[in-house]
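K.L.:
Starting from the known structure of chain Y, arrange chain U on it as the hints suggest.
Here is how the chains run, residue by residue.
2 protein chains.
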Amino acid sequence: MKTRNTFGIAIHGGAGTISKSELSAEKEQEYHAALEEALSIGHSILAQGGTAIDAVEMAINSLENCPLFNAGKGAVFCADGRFELDASIMNGKDLSAGAVAGVKGIANPISLARKVFEKTQHVLLAGKGAMDFAKSIGVNMEEDAYFHTEHRYKQWQDLVGTDTVALDHGSKKSKNLGTVGAVAYDKMGDIAAGTSTGGMTNKAFSRVGDTPIIGSGTYANNKTCAISCTGHGEFFLRAVVAYDISCLMEYGGLSLEQACEKVVNEKLVEFGGEGGLIAVDNLGNICLPYNSDGMYRGWAKEDGVIYTKIHE
Amino acid sequence: MKTRNTFGIAIHGGAGTISKSELSAEKEQEYHAALEEALSIGHSILAQGGTAIDAVEMAINSLENCPLFNAGKGAVFCADGRFELDASIMNGKDLSAGAVAGVKGIANPISLARKVFEKTQHVLLAGKGAMDFAKSIGVNMEEDAYFHTEHRYKQWQDLVGTDTVALDHGSKKSKNLGTVGAVAYDKMGDIAAGTSTGGMTNKAFSRVGDTPIIGSGTYANNKTCAISCTGHGEFFLRAVVAYDISCLMEYGGLSLEQACEKVVNEKLVEFGGEGGLIAVDNLGNICLPYNSDGMYRGWAKEDGVIYTKIHE
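Protein sequence lines correspond, in order, to chains Y and U.
Add 287 to a position in the first sequence, counting from 1, and you land on the number used in this note's numbering.
Add 287 to a position in the second sequence, counting from 1, and you land on the number used in this note's numbering.
Here chain Y stands alone, though its shape is the one from the complex (with noise of 0.2 Å):
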């Protein structure tokens, strides 16, 4: 197997209006250690000759076990109180891709996403059906308890009876964020991206975003990119965000750079789509754009410097 020294990862742990009078210094100095743990993990399995999707699978598990972000413990609430969880992960090496969308009680929902394409013929599984498939490999299910913080119960009670339903991303509130996602390329060439959320804030009818979506909210291909998406999900459902950066490069000719350029800061932004992802190609270059207040995010190369970064 042919290895090479480039190797590198990039997180987001969601984007929107992140109000800097709110955030306190305490407060953002957590984010910024809760980022920089996830890129350690994931910057430690590909500094050791580990998978792009390894990495994408361990950072997000890292971002999905902190309660700060909208995935995994620390997702927010749905009309009925509950949690429902969606993931997608996708390997660009082969185009595999597996996804869970609904889903409750499952801490980890992109291991969940993972399982699906190793162990079925499938790619996306929904609600019951997909909480039957983590009982049948024997995935441990946690209690409703597990998913409860207090932050995220007090914005549901601002909410809870009526039928407004609140984005995680693009809120008055900056508490309402939180989605996250990797992107990785390995030393065999390799790239790999993941996305992890809790939806919405009072979200009723199991409503899903593109997180779960393959070419909307998750998408990777070693032609061209990997990129996970954080936004307001219905207006990158519509606009197939994912595959779009992909089409710019192998159709378009443009840059990472460039597509990254052209779908968040123009297309989305005349389509009146917040929301911001993350890229990478299989050169190592790496792109973080964003057309909301902030994003929360970061990113590692082989050189080992970690950043992390909430506003510009």
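Calculated from the structure, these hints are not laboratory results.
Any given hint might turn out to be false.
Since copy identity is lost for identical chains, a pair holds within one copy or between any two.
[Unchecked claim] Derived lysine to aspartate or glutamate pairs resembling DMTMM-like cross-links, with alpha carbons at most 20 Å apart:
{"#": "1", "residue 1": "402", "residue 2": "419"}
{"#": "2", "residue 1": "391", "residue 2": "429"}
{"#": "3", "residue 1": "441", "residue 2": "431"}
{"#": "4", "residue 1": "474", "residue 2": "580"}
{"#": "5", "residue 1": "314", "residue 2": "557"}
{"#": "6", "residue 1": "554", "residue 2": "537"}
{"#": "7", "residue 1": "422", "residue 2": "367"}
{"#": "8", "residue 1": "415", "residue 2": "431"}
{"#": "9", "residue 1": "391", "residue 2": "419"}
{"#": "10", "residue 1": "391", "residue 2": "430"}
{"#": "11", "residue 1": "510", "residue 2": "557"}
{"#": "12", "residue 1": "415", "residue 2": "450"}
{"#": "13", "residue 1": "510", "residue 2": "553"}
{"#": "14", "residue 1": "402", "residue 2": "450"}
{"#": "15", "residue 1": "402", "residue 2": "381"}
{"#": "16", "residue 1": "422", "residue 2": "450"}
{"#": "17", "residue 1": "415", "residue 2": "367"}
{"#": "18", "residue 1": "554", "residue 2": "381"}
{"#": "19", "residue 1": "402", "residue 2": "341"}
{"#": "20", "residue 1": "549", "residue 2": "445"}
{"#": "21", "residue 1": "406", "residue 2": "450"}
{"#": "22", "residue 1": "549", "residue 2": "537"}
{"#": "23", "residue 1": "406", "residue 2": "419"}
{"#": "24", "residue 1": "588", "residue 2": "324"}
P.N.:
Chain U alone, transformed into the frame defined by chain Y:
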């Protein structure tokens, strides 16, 4: 409102192995008649100056109501002996889109998919949540008996109790077919697409294929084309087939016909994805490519001549 004299519609009733020896002359005539009826309904709407999205919805309703096809009445059985239906619809005029996945008891999932974008701020609703939405807007729920057909029951009996999942497409049994779809262009110059299915016989874990996924099973954009797919859903999901056609036109400069040829007869064949699709652009071009043995399909333009075909 500017109008023009051109309009047209194309439909499909599934692509796969359609064995001529197993298809009796009588049964073949039934298929042609069902396709002709759906086309006639859609054509009539367009001829009277109706919208492409109305023509798409009404033509698909006709196919959903026909027990020959794997959508609505006539859907295949899941592993639990019930019926889980998926559908999506998109309007090329404004990129509005709606979809439902894994719904039970809905006679016309394509109409419910349309209600999703007309009555909510969402694109995709799944499972019980989508059914709760249907009830909330007064959609009549059908008992399982409504969906039961003897030929689907026999197909399921061949598989029940096993882990085998049969595609409605590409199975060795020619009866195993029938995802339906429609694409249309109207006198106003707008285009639309929709797709509806019962998925795979004996499917478990609420597997979702490409049908309810905007960008994979369905896509419409006045700038390029309207597409409805049918085939081995997992491959269509990973290849983001419908949006791929659109991108090859918009970024790659291909014509509708060239883009269809490249995706269906080159890319999908290499990838191992059996199936086909129907496509229109707003110039009035219609393509109906497939890489399988046959595809139930038909089309009609402003001259009112209705064409229906199964094999070449």
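K.L.:
Check each numbered hint from earlier against the structure, then list the numbers of those it violates in ascending order.
P.N.:
Checked against the structure, the hints that fail are numbers 4, 5 and 20, while the rest are satisfied.
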